[in-house]
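Q: As they're listed, the protein sequences go chains E and B.
If you count by this note's numbering, then the first sequence holds residues 872 to 1158, one letter each, in order.
If you count by this note's numbering, then the second sequence holds residues 897 to 1168, one letter each, in order.
Calculated from the structure, these hints are not laboratory results.
Be aware that one or more of the hints could be misleading.
Unchecked claim - Distance condition first, Cα-Cα at most 25 Å in a straight line; then the derived BS3-like pairs of lysine-lysine:
| id | chain 1 | residue 1 | chain 2 | residue 2 |
| --- | --- | --- | --- | --- |
| 1 | E | Lys1018 | E | Lys1038 |
| 2 | B | Lys1037 | B | Lys936 |
| 3 | E | Lys993 | B | Lys1131 |
| 4 | E | Lys993 | B | Lys1133 |
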Amino acid sequence: MELIQTENLVFEYIRRDEEGNVEGITKAVDNVSLQVKQGDFIAVLGHNGSGKSTFAKHLNAILMPTEGTVYVDGKDTREKEALWDIRKTAGMVFQNPDNQIIGQVVEEDVGFGPENMGVPTKEIWERVEESLKAVGMYAYRKHSPNKLSGGQKQRVSIAGVLAMHPKCIVLDEPTAMLDPNGRKEVIRAVRALNQAENITVILITHYMEEVIHADKVIVMDQGQVAMEGTPKEIFSQVERLKELRLDVPQVTLLAHELRKSGINLPKGILTTEEFVEELQKIALQIL
Amino acid sequence: MLRDITLGQYYQTDSVIHRMDPRIKLIGTIIYMISLFLYKNITVYLLAFLFLIIVIRISKVPFRFMIRGLKTVMFLLLITSVFNLFLTKGEPLVSIWKLTITKEGLANAVYIVIRLAFLIIGSSLMTLTTMPNQLTDGLEKLMRPLKFFKVPVHEVAMMMSIALRFIPILMEETDKIMKALMARGADFEGGKLLDKAKAMVPLLVPLVISAFRRANDLAMAMEARCYQGGEGRTKMKPLQYKRIDYMAYGVLALYLLAVILLGRLYPLSLIS
Chain E
872 MELIQTENLV FEYIRRDEEG NVEGITKAVD NVSLQVKQGD FIAVLGHNGS
922 GKSTFAKHLN AILMPTEGTV YVDGKDTREK EALWDIRKTA GMVFQNPDNQ
972 IIGQVVEEDV GFGPENMGVP TKEIWERVEE SLKAVGMYAY RKHSPNKLSG
1022 GQKQRVSIAG VLAMHPKCIV LDEPTAMLDP NGRKEVIRAV RALNQAENIT
1072 VILITHYMEE VIHADKVIVM DQGQVAMEGT PKEIFSQVER LKELRLDVPQ
1122 VTLLAHELRK SGINLPKGIL TTEEFVEELQ KIALQIL
Chain B
897 MLRDITLGQY YQTDSVIHRM DPRIKLIGTI IYMISLFLYK NITVYLLAFL
947 FLIIVIRISK VPFRFMIRGL KTVMFLLLIT SVFNLFLTKG EPLVSIWKLT
997 ITKEGLANAV YIVIRLAFLI IGSSLMTLTT MPNQLTDGLE KLMRPLKFFK
1047 VPVHEVAMMM SIALRFIPIL MEETDKIMKA LMARGADFEG GKLLDKAKAM
1097 VPLLVPLVIS AFRRANDLAM AMEARCYQGG EGRTKMKPLQ YKRIDYMAYG
1147 VLALYLLAVI LLGRLYPLSL IS
């Protein structure tokens, strides 16, 4: 069995009117089956209300499936005894940096998870040091979280999850409230963890630039998986992405428009370097 | 910037007092308060004064920070001394119109001023030398026996430290909402008291709603990080008494003994 496996996952919100009568049922997640291997970098895309955040919360057993099953490291999330093991295995980073930092000093916040797990004091310090170094925030360990920038706060949150030694980190729109610099900072830290420590990353986002380095991209729409594949495969279908109300990276869009007007560029160009290279090839052909 | 406001009134410096365990500082403050109320005796107050001065010297906190705490209670101090001055019955000293100052009244006023002033300075010395989170840690550990009576000690301490963490965030949010309201013509300054109170309503409603939203988010984040109450929790910074703390306990015991001895053997009252 893979590290994370969902089988026909369905989650329903029950909408009620003021008297508490059932008004209707919204399927936030509709029949999602997914397998994530150890060490994968998975990006989940979707516009607002596509069910991507609801899906993410199932991987940490914050929400329980209405139908279907979620297995994290072979354990069913609905089993009560497995709850804390699952939360140790799949750590979670949320959107708002202010609302997930508990400690009044950076190092105390990073130590919060290990404290809850009952890790001995000496080991907590080792874990805090190593996690803060992994996200490049060791120099700020004595600072108050209130004085950090958004990107720095999110890196502290990631360190807080890292200190619990998870196999997988689920990031639920970690960059939505950050400025472009903060976004880059956070994504760089996440990629480094994925590559250096072989930690599985599931990144929920609606910024296209953040998914181009993923191993696999999943596009969600109305609770269902609308597209699935490598970034190249996904971004070669520009028209389909537009239908799903998603943007594509600027370079990809430019290449797509150029292709439409008859320049022979390959599909699914993701980075500026790639684009320049292909353009040079064509220029050489013409000359 | 609202973010730069330091909470409590912690004064950052490195001294023996700063490095002491928060528990000894809490207990020390309580013992000091008790010592002030044991006897109405000038010799005891002299000793208490001396003790306070020495501790302040060791703490390296500038004296003006102590006075700052006193300023806020100046009004209370004034009222209590005035009441004591005029309303205590006894041997008349001076009589102006219908008001009489008695000997006992004068003595009581002096006592109350001394007691309150020392008490305030003593307790602000504690908050000046102890970080708020250390204070909650110390309280949690000291109150642990209360668990026996089903008092949720850990939960209360956790709530206190979360409150401390969120006060600056909520203050900044208040500032933001106020500016947004002012930009649309809200007036927080002018008007009568009732108008001022009414102007606060549109400020408080979004603030409370956002506080609830934050609480919800935070609870989820805490659960996601395996928080399950105080059971089976270890500490990153466990409180441990060091030699200096035991020595401090010794000094405290000596001080209390000296107060009792002085109070018994050398009673020196203002009224004989």
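Q: Mind checking the alpha carbons of lysine 1037 of chain B and lysine 936 of chain B for me, to see if they're no more than 25 Å apart?
A: violated, 34 Å
Q: For the pair supplied as a hint, lysine 1018 of chain E and lysine 1038 of chain E, confirm whether the alpha-carbon distance does not exceed 25 Å.
A: violated, 30 Å
Q: Is the Cα-Cα distance between lysine 993 of chain E and lysine 1131 of chain B 25 Å or less?
A: holds, 10 Å
Q: For the pair supplied as a hint, lysine 993 of chain E and lysine 1133 of chain B, is the alpha-carbon distance within the 25 Å limit?
A: OK: lysine 993 of chain E and lysine 1133 of chain B at ~10 Å, within 25 Å.
The structure fails hints 1 and 2 (numbered hints given earlier, in ascending order).
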